[in-house]
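Student: Listed in order, the protein sequences are those of chains A and B. Heads up: the first sequence begins at 0 in numbering that gives the first Met the number 0, then just goes up one per residue. Heads up: the second sequence begins at 0 in numbering that gives the first Met the number 0, then just goes up one per residue.
Certain hints may be false.
Pairs of lysine to aspartate or glutamate, DMTMM-like flavour, derived with a Cα cap of 20 Å [said to hold, decoys possible]:
no., chain 1, residue 1, chain 2, residue 2
1, B, Lys-268, A, Glu-77
2, B, Lys-359, B, Glu-333
3, B, Lys-274, A, Glu-109
4, A, Lys-53, A, Glu-121
5, A, Lys-9, A, Asp-66
6, B, Lys-139, B, Glu-90
7, A, Lys-21, A, Glu-50
8, A, Lys-53, A, Asp-105
9, B, Lys-268, A, Glu-4
10, B, Lys-274, A, Glu-3
11, A, Lys-62, A, Glu-10
12, A, Lys-53, A, Glu-87
13, A, Lys-62, B, Glu-282
14, B, Lys-139, A, Glu-109
15, B, Lys-433, B, Glu-385
16, A, Lys-120, A, Glu-3
17, A, Lys-96, A, Glu-4
18, B, Lys-268, A, Glu-83
19, A, Lys-62, B, Glu-385
20, A, Lys-62, B, Glu-90
21, B, Lys-274, A, Glu-10
22, B, Lys-274, A, Glu-4
23, A, Lys-21, A, Glu-3
24, A, Lys-9, A, Asp-47
25, A, Lys-62, A, Glu-87
26, B, Lys-139, A, Glu-41
Selected chain A positions facing chain B (Cβ under 8 Å, derived; list incomplete) [to be verified]:
no., residue
27, Phe-39
28, Glu-59
29, Ser-63
30, Val-64
Under 10 Å between C-beta atoms, here's a sample of chain A residues computed to sit facing chain B [said to hold, decoys possible]:
no., residue
31, Glu-41
32, Lys-53
33, Val-57
34, Ser-60
35, Asp-66
36, Val-76
37, Leu-114
Hints were generated in silico from the structure; no laboratory data involved. Ideal Cβ placement from N, Cα and C applies to all residues, glycine included.
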Amino acid sequence: MHPEELRYTKEHEWVRVEEGRKARVGVTHYAQHQLGDVVFVELPGTGDRVEAGKSFAVVESVKSVSDIYAPVGGRVVEVNAQLEDQPELINEDPYGKGWIAVIEMDDPAEINALLSAAQYKEHIGEA
Amino acid sequence: MLRTIGVASVEELFCDIPEELRFKGRLDLPPGLSEPELLAHLRELAGKNRHLDQLVCFAGGGAYDHVIPSAVRTVISRSEFYTSYTPYQAEITQGVLQSIFEFQTLICQLTGLDVANASMYDGASACAEGLIMACAHTGKARVLVAQSIHPEYRLVAETYLRHQGIAVDIVPCAQGVVDLAALAERLGTDVAGLLVQHPNFFGHLEPVREAAQAVHAAGGLFVVAVDPISLGILEPPGAYGADIAAGEGQALGNPLSFGGPYLGFLSAKEELVRKMPGRIVGETVDAQGRRGYVLTLQAREQHIRRHRATSNICTNQALNALAASAYLALLGKEGFREAAYLSFQKAHYLEARLRELSGKPGGLSRRWDLPFFKEFVIQSAVPAGELQRRLIARGFLAGPSFSQVGLEPDNALLVCATEARSRAEIDGFVEAVKASLTE
């Protein structure tokens, strides 16, 4: 449900650190379950600058609209254009095909402030 | 009733309000009237107004006296429509939802755009919301508005945008249409959109193709306010580059009613649908594969999006929209085209007859000699308000005058002729103008 190798935020985003100071970001299984069927994703633009803790994308489900907060600060270098036609990928494969964006981190040390899988599970009451 | 709810007196119901705050004494109301006395009193009050059973209407300026087939009233008077509440529960309001879906479809067909909502309060607020959509879509905070739009539409747009941090710049008009050179000067990469009315407030046709190209080149959207009847002979906004179309739908099957209730419509290209305010009805299939209708894309609206919604409208003008749909269905494509063409012809007949009066005492002339659809601006030696009074005394309504909408000069006013005007009425009006000028 919540892969061990990822880092998490209290607002239910996950981060996978990749080569070259890159952080791939999405929302957790818990988040997609709470949201219900995702019908639309407002993606950031490639090249946009993002700040840790500030909203950088919006996910819309049938019953709600949720801000997605950048877990780390930096520059958006890639967005998942597939979500434009298939927003349901967030529900079906939140950690794989449902990724939202890749951020090139200004300060990779910001990762250390994020939650581990165990800490996240405790946060959502699953520990 | 008191006994049923277990209370001894009406006063007991107010026991939570402190004694010192309660109103003591009697309300200053006259004694009650019996039903016949009341009817007589209301008749007396209503008699102070003069309406179109008593005056022949040559007034324009955004609301018009067009022919409304009697069947429209019959359709909207059905209690299923007339007393229906908002169709939140799709399972029990398929009829209302379908009627709204048909209205939306008709607006898309008329305006040549992809999506339309279930209607807005009126043309002015629909235009304001169109500008807000442009800002939401582009992320920019400045809009341009042509000076030749209805002055009240401009005031409403300014009111809507003032506290949202959006700057409204007016593009002046030269000789009764928007000045393209002035537009070019004011455009910039920070402009979210441009609002132009076509035909404009003065009745003239605007250079919409050039305006569309100019605002698109600058990265902004083109918002057009249209008279829906004009779409019976003019090109639809979608064909000349509009991204958003808005306007006043009163002319479609709704009477003048002393100013309301009226009917705003709003349509746009598909990619803008998520920025569109108001209710939207969608067509879908149920679990058994049967076609059904439902309020959709509700995550745009303020009851879900809250502060992130682009608007706080959460209603529509359902009965007026139904009247518009019934009107269009009754006229059909041919009838609609005819209504537009006859309005055009009769207004031009009016203009030709009035032109016979120029050079005669009274100094009547057209303010601008430009192509127009069904209304145009005249001026004379008589102040417009006085001319209007003299015409009313002779049984004709003309206007609005420029002064009535905050414009100058005070001797200019609009005159309009629709398909509803007979030749005898137009000739009578011209005689009345002639007499009024030399009174």
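Student: Each hint: holds or not?
Tutor: Against the structure, the hints come out as follows:
Distance check on the hinted pair: Lys-268 (chain B) and Glu-77 (chain A) sit about 27 Å apart at the alpha-carbon level, beyond 20 Å; violated. For the hint pairing Lys-359 (chain B) with Glu-333 (chain B), the CA-to-CA distance comes to about 41 Å; that exceeds 20 Å, so the pair is violated. Between Lys-274 (chain B) and Glu-109 (chain A) the alpha-carbon distance is near 35 Å, which puts this suggested pair outside the 20 Å criterion. For the proposed pair Lys-53 (chain A) and Glu-121 (chain A), the alpha carbon gap of about 23 Å is over 20 Å, so the pair is violated.
Taking the CA atoms of Lys-9 (chain A) and Asp-66 (chain A), the gap is near 13 Å; set against the 20 Å cutoff, the hint holds. A C-alpha spacing of about 41 Å is found between Lys-139 (chain B) and Glu-90 (chain B), which places the hinted pair above 20 Å, so the restraint is violated. For the proposed pair Lys-21 (chain A) and Glu-50 (chain A), the alpha carbon gap of about 15 Å is at most 20 Å, so the pair holds. The hinted pair formed by Lys-53 (chain A) and Asp-105 (chain A) meets the criterion: a straight-line CA distance of about 15 Å does not exceed 20 Å.
The hinted pair formed by Lys-268 (chain B) and Glu-4 (chain A) fails the criterion: a straight-line CA distance of about 44 Å is larger than 20 Å. Taking the CA atoms of Lys-274 (chain B) and Glu-3 (chain A), the gap is near 39 Å; set against the 20 Å cutoff, the hint is violated. Taken as a hint, the Lys-62 (chain A) and Glu-10 (chain A) pair is honoured in the structure, with Cα atoms around 18 Å apart against an allowance of 20 Å. This hinted pair does not check out: Lys-53 (chain A) and Glu-87 (chain A) have alpha carbons roughly 24 Å apart, beyond 20 Å.
A threshold of 20 Å between alpha carbons decides the hint, and for Lys-62 (chain A) with Glu-282 (chain B) the separation of about 18 Å falls inside it, so the pair holds. Distance hint between Lys-139 (chain B) and Glu-109 (chain A) is unfulfilled; the C-alpha atoms sit about 32 Å from each other, more than 20 Å. Taken as a hint, the Lys-433 (chain B) and Glu-385 (chain B) pair is honoured in the structure, with Cα atoms around 14 Å apart against an allowance of 20 Å. A distance of roughly 10 Å separates the Cα atoms of Lys-120 (chain A) and Glu-3 (chain A); the hinted pair therefore holds under the 20 Å criterion.
About 17 Å separates the Cα atoms of Lys-96 (chain A) and Glu-4 (chain A), which keeps this hinted pair within 20 Å; it holds. Note on Lys-268 (chain B) and Glu-83 (chain A): the hinted pairing holds, with a Cα-Cα distance of about 17 Å set against a maximum of 20 Å. Our distance criterion of 20 Å between C-alpha atoms is broken by Lys-62 (chain A) and Glu-385 (chain B), whose separation comes to about 58 Å. For the proposed pair Lys-62 (chain A) and Glu-90 (chain B), the alpha carbon gap of about 18 Å is at most 20 Å, so the pair holds.
Distance hint between Lys-274 (chain B) and Glu-10 (chain A) is unfulfilled; the C-alpha atoms sit about 26 Å from each other, more than 20 Å. For a cut-off of 20 Å, the pair hint linking Lys-274 (chain B) to Glu-4 (chain A) is broken: about 38 Å separates their Cα positions. With a CA separation close to 18 Å, the supplied pair Lys-21 (chain A) and Glu-3 (chain A) stays within the 20 Å bound. The hinted pair formed by Lys-9 (chain A) and Asp-47 (chain A) fails the criterion: a straight-line CA distance of about 23 Å is larger than 20 Å.
With a C-alpha separation of about 14 Å, the suggested pair Lys-62 (chain A) and Glu-87 (chain A) falls inside the 20 Å cut-off, and the hint holds. Distance hint between Lys-139 (chain B) and Glu-41 (chain A) is fulfilled; the C-alpha atoms sit about 17 Å from each other, no more than 20 Å. Checking Phe-39 (chain A) against chain B by beta carbon gives a least distance of about 7 Å; that is within 8 Å, so the hint holds. The criterion of a C-beta within 8 Å of any C-beta in chain B is met by Glu-59 (chain A), whose closest approach is roughly 5 Å, and the hint holds.
Evaluation of the Ser-63 (chain A) hint against chain B yields a held restraint, the C-beta minimum of about 6 Å falling below 8 Å. With a least beta-carbon distance of about 5 Å to chain B, the hint placing Val-64 (chain A) at the interface is held under the 8 Å criterion. For the restraint placing Glu-41 (chain A) at the interface with chain B, the shortest Cβ-Cβ distance is roughly 8 Å, inside the 10 Å limit, so the hint holds. Because the beta carbon of Lys-53 (chain A) sits about 14 Å from the nearest beta carbon in chain B, more than 10 Å, this interface hint is broken.
With a cut of 10 Å, the hint placing Val-57 (chain A) at the interface with chain B holds, because the nearest CB-to-CB distance is about 8 Å. With 10 Å as the threshold, the beta carbon of Ser-60 (chain A) comes within range of chain B, its nearest partner Cβ sitting at about 7 Å, so the hint holds. Against a cut-off of 10 Å between C-beta atoms, the interface hint on Asp-66 (chain A) holds, since the closest Cβ of chain B lies about 8 Å away. Interface restraint check for Val-76 (chain A): the shortest CB-CB distance to chain B comes to about 20 Å, outside 10 Å, so the restraint is violated.
Violation of the interface hint for Leu-114 (chain A) is found here, the shortest Cβ-Cβ separation to chain B being roughly 27 Å, above the 10 Å cut-off.
In the structure shown, a violation is registered for the earlier hints numbered 1, 2, 3, 4, 6, 9, 10, 12, 14, 19, 21, 22, 24, 32, 36 and 37, in ascending order.
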